[in-house]
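Colleague: Residues per chain, in single letters:
2 protein chains.
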Amino acid sequence: MPELFHIVPEAQHNALVEAAYCHRGYHADEAAEGARFCAEATRHGIRTHNGLKALHLDHLFGTGVKGWTPGAQIEEIPTRFAAVKVWNANRKLGQSIAYRAMDTAIKLADQYGVGTVSVDNATHYLWGGGYVIDAARRGYIAYTNCTAAIAEVVPFGGKAPTLGTNPHSWGFPTIPAIGFPIVIDWATSVVAMGRVQQLKREGKPLPPFAAVDKDGKPTTDPAAVTALLPFGAHKGYGLSLIDELVAGFIGGSLPTLRNQWNNRPEEKHGCSFFFQVIHPDALSGGAFALGRNQAQNVKAVIDDVLGHGNEACILPGQIEAEWAKKTAAAGGLLFSAAEIDAFNELATECGHPQWNRSALKTITL
Amino acid sequence: MPELFHIVPEAQHNALVEAAYCHRGYHADEAAEGARFCAEATRHGIRTHNGLKALHLDHLFGTGVKGWTPGAQIEEIPTRFAAVKVWNANRKLGQSIAYRAMDTAIKLADQYGVGTVSVDNATHYLWGGGYVIDAARRGYIAYTNCTAAIAEVVPFGGKAPTLGTNPHSWGFPTIPAIGFPIVIDWATSVVAMGRVQQLKREGKPLPPFAAVDKDGKPTTDPAAVTALLPFGAHKGYGLSLIDELVAGFIGGSLPTLRNQWNNRPEEKHGCSFFFQVIHPDALSGGAFALGRNQAQNVKAVIDDVLGHGNEACILPGQIEAEWAKKTAAAGGLLFSAAEIDAFNELATECGHPQWNRSALKTITL
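Chains A and B supply the protein sequences, listed in that same order.
Sequential numbering of the first sequence, starting at 1, is according to my numbering.
Sequential numbering of the second sequence, starting at 1, is according to my numbering.
In short, the hints are calculated from the structure, not lab data.
Even for Gly, the Cβ is constructed at its ideal location relative to N, Cα and C.
Among these hints, one or two may not hold up.
[Claimed, not checked] Restricting the straight-line Cα-Cα distance to at most 27 angstroms, the calculated cross-link-like pairs of lysine-lysine (DSS-like) are:
(1) B:K217 to B:K204
(2) B:K53 to B:K66
(3) A:K361 to A:K326
(4) A:K107 to B:K217
(5) B:K217 to A:K159
(6) A:K214 to A:K361
(7) B:K204 to A:K268
(8) B:K217 to B:K53
(9) A:K299 to B:K107
(10) A:K361 to A:K159
(11) B:K159 to A:K299
(12) A:K53 to A:K66
(13) A:K361 to A:K325
(14) A:K53 to A:K299
(15) A:K268 to A:K299
[Said to hold, decoys possible] Among chain A residues calculated to face chain B with C-beta under 10 angstroms, some are:
(16) S118
(17) D221
(18) G285
(19) C313
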């Protein structure tokens, strides 16, 4: 169904989000990184992780509960290994950590072919896809995972939520091959809790085996849901465990205590982030069929996958790339009327000028 | 249902598998690596990738069709990057390539913290889990993916099989924490084609959305199946694409031409392998709660996930570890009567002494 969007110039959006972060105590550089990220999410149509969500998360887990630390300095932990970095982020704003970590992993990959950055005492970086898209646009193969803010997901065969929605994000530098980066990016739960709430409001059922009730039994009734299930049964469970294991090796907290800063203070409560970048030249054997170069070979493989009657398939990242094109054509970030109103509540909170909704250009998409 | 197994001493098993490989022209070192791998698969209860399967695959794609090259030398492709290696495997036996690549990735990780080995012109390495279990037992975080031998899987939203079953395998060095390595290892299809054939023999239906018929429509009738579906809809599709993309960057062949050595000879036809190892010290921030060391922290995280009512859950790799224990207790590899008979057919093929089934000890498990 076509939807009406208001067009907000990116500078105007970023000024408000920066003001809101600064009002919460974040430093100018953090506020700028936070706003830049929210613009990226909106540009790619990721409405679940826009500026409204970012500042709501700060309220829930961050400065609202003295969980995150504005102005925190990232501390580099000494390591004997040349191609990796390990950071204690001291609960700095997630977007600031993530942009800096991905930049650092890119520098390591430039030198060593592959580089990783592991982050202890992290906060929430919102949408891992944003960081890998960014790295992929710059020409790198990028991966990130993190442990989610709270335990909402039941392990395969279990009853109690002891895992986060623990996402994985992979980005591939496929612009030279197909015009946009392929981005494989999702949570390891079938659906997010936000989706459950949306279906409850709309009076619609959940897909089967997406969530459980208070007895740990699968339910499709959104009103009965107490926890989520991993996608693909034991396979999604395994993928979710990967994030917890990597975090556990880094120094991560117990999943059921995550972001519960006052519960068992002798335990840690932060999230952990893991970033990895590979330089595409560091994979290349240089022997592509028919004299193709690397990008042409990647294109030939993709064309083969989407040929033979599969022309209707789309590629992961394609919807996001198409939304970014529409955003560029519109000349600003696209928000619904309800989103504009919510941004204006944030403006009131931080004493920033309101967005005049009736003065904004609109577009129906 | 309890099953009767015949106990074959490992040396006796390896002697036959080595003889079979040598009879097909493989060199002694390759035959030994091939046999070692088949013993590992059987030890961990991976009956779908034992010596019988290994030699059957060689018949289908390898020396049986002049696809693989006994005695091939692995060629190292020069790279400017210190933490990676790129190999042209010249269609050497897959198990030989994989063991050597994982050893090399471990050496890189020892020095740089992380290391990758990318392999062009690879063959078939059977079961990626075997290599990551091995690395995890030696104390490393290991990952591998590969492009599968043939295109059997339909991309999400498509009709034609243009993807392999493209597996992913992750191994974690969790022996100090819980006594066995956690191994997350599966194909990106819901089921394997072998499972479809088994259900057809047994007259049982497939799970829903596991396979399609000749019109590309989902079917649960194993007799109607022409191709498989990825698990988790777009998520499994994305995971399958990762293998094709990594392979495409390495120099990989078009998926629908893979292992079809005589179809469009101007194209390549080999598989590609990717290996990555991370030294666990290269992740560690060193700041574990309650004075725990790294292994104790990993154990605490796992205990939290499997606590709170989730005590009945199992961990990925646990079934394989339990089978390895049963194998060790039995004092030999465990095979059914039908498997023993099939090994004796191989013995006949290569002029090796038969296994006297009635002289073998048995155990019911």
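Colleague: Taking the hints in turn, state whether each one holds.
Modeller: Outcome of the hint check:
1. For a cut-off of 27 angstroms, the pair hint linking B:K217 to B:K204 stands: about 19 angstroms separates their Cα positions.
2. Proposed proximity of B:K53 and B:K66 is supported: the alpha carbons are some 18 angstroms apart, at most 27 angstroms.
3. Simply put, A:K361 and A:K326 have alpha-carbon atoms about 14 angstroms apart, close enough for the 27 angstroms limit, and the pair holds.
4. Distance restraint check for A:K107 and B:K217: the Cα-Cα separation of roughly 47 angstroms exceeds the 27 angstroms cut-off, and the hinted pair is therefore not satisfied.
5. At most 27 angstroms may separate the alpha-carbon atoms for a hinted pair to count; B:K217 and A:K159 exceed this at roughly 34 angstroms.
6. Taken as a hint, the A:K214 and A:K361 pair is broken in the structure, with Cα atoms around 47 angstroms apart against an allowance of 27 angstroms.
7. At roughly 50 angstroms between alpha-carbon atoms, B:K204 and A:K268 are farther apart than 27 angstroms, so this suggested pair is violated.
8. Restraint check for B:K217 and B:K53: not satisfied, since their Cα atoms lie roughly 30 angstroms apart, outside the 27 angstroms limit.
9. For the given pair, A:K299 sits about 33 angstroms from B:K107 by alpha-carbon distance, which is inconsistent with the 27 angstroms threshold.
10. Proposed proximity of A:K361 and A:K159 is contradicted: the alpha carbons are some 50 angstroms apart, above 27 angstroms.
11. Taking the CA atoms of B:K159 and A:K299, the gap is near 20 angstroms; set against the 27 angstroms cutoff, the hint holds.
12. Annotation: proposed proximity of A:K53 to A:K66 holds, straight-line Cα distance about 18 angstroms (limit 27 angstroms).
13. Using a Cα cut-off of 27 angstroms, the hinted pair A:K361 and A:K325 holds, with the two alpha carbons roughly 17 angstroms apart.
14. Taking the CA atoms of A:K53 and A:K299, the gap is near 36 angstroms; set against the 27 angstroms cutoff, the hint is violated.
15. About 46 angstroms separates the Cα atoms of A:K268 and A:K299, which puts this hinted pair outside 27 angstroms; it is violated.
16. For the restraint placing A:S118 at the interface with chain B, the shortest Cβ-Cβ distance is roughly 5 angstroms, inside the 10 angstroms limit, so the hint holds.
17. Restraint check, A:D221 versus chain B: the minimum CB separation of about 21 angstroms is more than 10 angstroms; hint violated.
18. Hint status for A:G285 relative to chain B: holds, with the closest Cβ pair at about 4 angstroms, below 10 angstroms.
19. For the restraint placing A:C313 at the interface with chain B, the shortest Cβ-Cβ distance is roughly 4 angstroms, inside the 10 angstroms limit, so the hint holds.
Going down the numbered hints, you'll see the structure goes against 4, 5, 6, 7, 8, 9, 10, 14, 15, 17, while the others check out.
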